[in-house]
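Following the hints, put chain B in place on chain A, whose structure we already have.
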Amino acid sequence: MSTYSSKLVENAVNELAKLPGIGRKTALRLALHLLKQEKAEVELLGTSIIKMRADAIFCKVCHNISDNEICTICNNQKRNRSVICVVEDIRDVMAIENTSQFNGLYHVLGGIISPLDGIGPNDLTINKLADRLKGKEVVEIILALSATIEGDTTNFYLYKRLKEFDILFTTIARGVSVGDELEYTDEITLGRSIINRQPFEGLNNR
Amino acid sequence: MYLEKISLYNFKNYRSAEMEFSPKINCFIGDNAAGKTNLLDAIYYLSFCKSYFNSIDNQNIRHDEEYFSILGKYIVNGDKNDSIQCVQRRNQKKSFKLNKKEYERLADHIGLYPLVMISPYDRDLINEGSEVRRRFIDSVISQFDKVYLDDLINYNKVLQHRNVLLKMFADQNYFDAGSIEIWDRQLADLGHKIYPKRKTFLENYIPIFNRYFQIISNGKEVVTIDYDSHLSGRGMEELLAIALSKDRLLKYTTVGIHKDDLNFQLGGHPIKKFGSQGQQKSFIIAVRLAQYEYIMQLKGYKPVMLLDDIFDKLDARRVEQLIKLTSDNRFGQVFITDTQRERIEHLLEKIDIDHKIFDIRNGEAFEIKDQDLQNIPT
Chain A
604 MSTYSSKLVE NAVNELAKLP GIGRKTALRL ALHLLKQEKA EVELLGTSII
654 KMRADAIFCK VCHNISDNEI CTICNNQKRN RSVICVVEDI RDVMAIENTS
704 QFNGLYHVLG GIISPLDGIG PNDLTINKLA DRLKGKEVVE IILALSATIE
754 GDTTNFYLYK RLKEFDILFT TIARGVSVGD ELEYTDEITL GRSIINRQPF
804 EGLNNR
Chain B
15 MYLEKISLYN FKNYRSAEME FSPKINCFIG DNAAGKTNLL DAIYYLSFCK
65 SYFNSIDNQN IRHDEEYFSI LGKYIVNGDK NDSIQCVQRR NQKKSFKLNK
115 KEYERLADHI GLYPLVMISP YDRDLINEGS EVRRRFIDSV ISQFDKVYLD
165 DLINYNKVLQ HRNVLLKMFA DQNYFDAGSI EIWDRQLADL GHKIYPKRKT
215 FLENYIPIFN RYFQIISNGK EVVTIDYDSH LSGRGMEELL AIALSKDRLL
265 KYTTVGIHKD DLNFQLGGHP IKKFGSQGQQ KSFIIAVRLA QYEYIMQLKG
315 YKPVMLLDDI FDKLDARRVE QLIKLTSDNR FGQVFITDTQ RERIEHLLEK
365 IDIDHKIFDI RNGEAFEIKD QDLQNIPT
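Listed in order, the protein sequences are those of chains A and B. For the first sequence, our numbering begins at 604 and goes up steadily by one. For the second sequence, our numbering begins at 15 and goes up steadily by one.
Isolated chain A (complex conformation) (with noise of 0.2 Å):
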């Protein structure tokens, strides 16, 4: 590729494109605007790219994206310490997170469990789960991958290798989303529904 007048916006150009959802043609975008923008604006991006990647860590504990090395969630006394949350990657913190509605500990396990692409037991974080039961203060974990076999398949794993301990395994709901109507919702995810249907206590199921 030869078609840039300058070696210098190539190179920028090959790096921005090796970005996920990135093209060439949006990182050609993207190397213009900064060359067109301040130099002091554009040092800041380059240097707070550099310091997020030189310096951010992951949380000891329960392995979230962290600047210290045990993460503020873990740190915050006033989170319910015997709830964990065992969530995929980071961006399932953030959104449980966004819904309020959580007040626990977390614990990220970095995948879920995939022979065909290659992902074992072994390169998750299941062993570091299972030393945080040890200290007996969980009292529940929470399941909350996503709802596929591979979902499922960890869940199960997690199940068997943690049951040992004295603790409560629940999942999180599956069914017909908040606001849908019933003759909108998907016949799997609606049969399902009906199947794991839940005694009705006034409205307090809603």
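Read the hints as simulated data drawn from the structure, not as lab findings. Ideal Cβ positions, reconstructed from N, Cα and C, are used throughout, including at glycine. All the pointers check out, no bait thrown in.
With the C-beta cut set under 7 Å, the calculated list includes, among others, these residues of chain A facing chain B: (1) Pro718; (2) Leu719; (3) Ile791.
Below, chain B alone, put in the same frame as chain A:
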């Protein structure tokens, strides 16, 4: 339910065609490669969102054109008008609409406008491997049971994971029972949902098949279809446990519903080896007609029937019997292709039934009206 009208643009060898059909018998007459079967395929598209012959949608666009479109107008319950449209632009996602509303998932459409096709390729059911026969079972059940289809897709996914794991362990000279066990559990769970549904389907289906075979063969021969499954004797967990050492050696899963098969026998011998051409043909027709009746019983209305090159399978007397079944109201709308015009005309003369005949020539369709018939020298 029947197809009242179809419009094609750039579909296979058709540039543009519009046809209005009879609710009963429709015949497409023409030479080889004129486009008779392509018309059947267009009708097949409207029911199954895909081609019977070529699963690559782009290759069904007429050469050097940018898109194809198929528009069908159906009459449902006597007066309700449904329009189905399928548009495929080159290298784009297929658009499929019912009454101008785009489907979110094509699977939602399949089964709504049921159709059974009898084609020369059906001989694969007898001659090819067991996957063709499993696909036959699966395609019928999944037309009315979406959960079945979902379970089947998941079963196959779990199977793939387990096989990769077996291969990895064998290649690395290492084994972790815990890792295999979690997939076994999923496989067993799904297998035990799929097996009873296949079993129930076949228990209902096989008697219908036997009845049709008797009609077609005039009751002279004894045929049987047996459902052959590992799960008929043992549970899936047990099967997997017994087969584990074998599986580890062969690096794939040797037991389960993915090994199910149907045994077709004639007088106690496999029809593949001991059936004559004619017996095999009668057998296949009975398989399809029974499928037709099974779907009709479930849906409560008659599927569309496509008969591709039917004289290839049956002699004139048997085709006549078949068409009589239509006039007896056993079947609904039927589409037939044939290369010989006289043969079809002769047959329809004998039976008083509403019909239309179309002359197909090089990607164009012309309806032949009755008065034309007398004027055309044969």
